[in-house]
Amino acid sequence: MNWLSWLSDFFSDPNHRSGPDSIAHRIAEHLAFSGEALLFAALIAVPLGLLIGYTGRGVTAVTALAGFARALPTLGLVTLAVLLAGVGDTAVLVPLVALAAPPLLVAAVEGVRGTDPDVRDAARGIGLTHPQVLWHVCLPSAAPTLLAGFRTAAVQVIATATVAAYVGLGGLGRYVFDGLATRKYAVTAGGAVLVVLLAVAAQLLFVLLARYALPRGVRAQRRAADRTR
Amino acid sequence: MDDEPIVRWYWIGDHLGYLGNLLADHAVIALVPVLIGLLVAVPLGLACARYPRAYQPLAAVFNVVYALPAVAVFMLLIPYTGLATQATVMIPLTFYALAVLLPTTVDGLRAVPDAVRQAATAMGYGPWHRLTAVELPAAVPYLIAGLRVAAVSSISLASVGALVGRGGLGYLFMDGFQRTFPTPIVAGIALIAALALTVDLVLVGARRLLAPWAVREKGAVR
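So the sequences go chain by chain: C and A. Position one of the first sequence corresponds to residue 1325 (the working numbering), numbered consecutively onward. Position one of the second sequence corresponds to residue 801 (the working numbering), numbered consecutively onward.
Simulated from the structure, these hints should not be mistaken for lab results. Hints are all accurate, no fakes.
Quick look at which bits of chain A chain C covers, simulated, 3 or more residues with Cβ under 8 angstroms:
id : segment
1  : 876 to 882
2  : 969 to 980
3  : 986 to 992
Just the calculated beta-carbon pair ranges, DEER-fashion:
id : chain 1 : residue 1 : chain 2 : residue 2 : range
4  : C       : P1539     : A       : V1002     : 38 to 44 angstroms
5  : C       : L1529     : A       : Q918      : 43 to 49 angstroms
6  : A       : L1010     : C       : G1380     : 29 to 35 angstroms
7  : C       : L1389     : A       : Q856      : 30 to 36 angstroms
8  : C       : T1453     : A       : T932      : 51 to 57 angstroms
9  : C       : R1381     : A       : A911      : 28 to 34 angstroms
10 : C       : T1414     : A       : D975      : 22 to 28 angstroms
Only some residues are given here: those of chain C computed to face chain A with a beta carbon under 8 angstroms:
id : residue
11 : T1398
12 : L1399
13 : T1403
14 : Y1490
15 : V1491
16 : V1500
Since the structure is predicted, the reported quantities are computational estimates derived from the model, not experimental observations. Note that the Cβ used here is the ideal one computed from N, Cα and C, for glycine as well.
Sequences are here, hints too, so could you generate the full structure?
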C-alpha cells in the first residue's frame, strides 16, 4: 500500500461522495463548528481586549492568562467537558471557545496599545470622545494585529475540532478516528490530508485578507514600513 | 455521572508511581524536541541573519508548518515511524519548536545595534569573538522568550500524541474518557499545567542568570 492507493481508496469510496459521511458534508460540519467557536470567542474576547488595551488596565492579567491558556491540553479539556456536560456539540463548544479566546484577547490588547500615541492625542485634541477615538482611530490601527490573532485562533480551532472528533464530534476528524477504529488507514490518511489542506487554506485566506481587506490607510502604512525595512 | 465526583483523591494516591512514570515520559517526549529545535535554530538563525534572502522563504515555510494541526501530522507519520512510537510524536514537535525558535533567534541577532557591533570590531574583535562575546549574548533574552513559548506549547501538544498511542500524560485523558471517570483527566490536566509552569519558571530563572540586563520581556509574542 502507498499514498496513491490510500488516497484513491478514500476519495473513490461512494460513502465519501454523498450522504452524511461525504467529504463535502464533513468539511461543511468542520467549518460550521469552527466558525461558531470563533464567533463566540470573538464576541467575548475582542470587545474586552479593546477595552483593556484602551484603558491599559489588566494588561498583565491578559499576558498571564494567555501563557496559562497555552499550557492547557486540548484533548484533556475536550474529554473533561464531555464527561461533565454530557455528549453533545454544546459541551465541546466550551473548550473550543476557551482555547480560541486568549489569542484574540491578546491581539486586541496589543493592537490597541500599538496605536501611535501622537495620533491618539491628536484625535482627542480635535474633539473626539473616548469611544470615538477607540472606534475610529484605535480599531483601524489595531486591525493588522487583530487579523493575526484571528489567524492563530482559527488554526487552533480547526485543530481542536479535529481532536474533538475523538469524543464524538462530526467534521473531518471523524475520518481520522473512524479509520483508526476500523483499522482502515486509507480513511485516517484521507482525513488527515483534508485537515492539513483546510489549515493551509485558512492560513492563505488570512494572508489574502491582510493584503486586501485592511483599511486603506493601514495598508499604505504597512507598505511604507516594508519598503524601509 | 450523577454520583461521580470530579476528583477521587484516593485514585491519585493509589497511582502515584504510575503518574510519575507518565510524567517522566511526557517530559522526554515534549522537551527533547525543544532542545533539538534549539540546537538547530541557533546555527540556522546565524545563517539566516547573514543571508536575509534565504530567510524570507524559510520563514514562510515554517509559518505554514507551525499552523499544521498536530493530530493530522501525527496520523500522516504512522506509515513511516509506526503507531505508539516516540518518533511519531517527537519529529513533528521538533519542527513546531523550530518554527517558534528560528524567528526569535533571527530577531535576537538582528536586535544588536550597529553601533555596538562596530564598537566590538573597533576594539579588535574578530568575527568569531564578536559572535560569541557580543551577538549571541544579546540574542539570549529573545532565545529564552522563544524557548518559553516553544516549551509550553510542546508540553501541551505532546498530550495529543496519546491519540497515536504515545502521549505521556495524554493517555490519562483517553483512559478517563473511556471509563467515564474524570479523575485521571483532571490529574492529567493538572500535571501538564504544573510541568509547563515549572519549565517556564526555570527559563525565567535562566534569563535572570544569563541575561540580567534584560529586565523587561522582549520578543516572541505569539
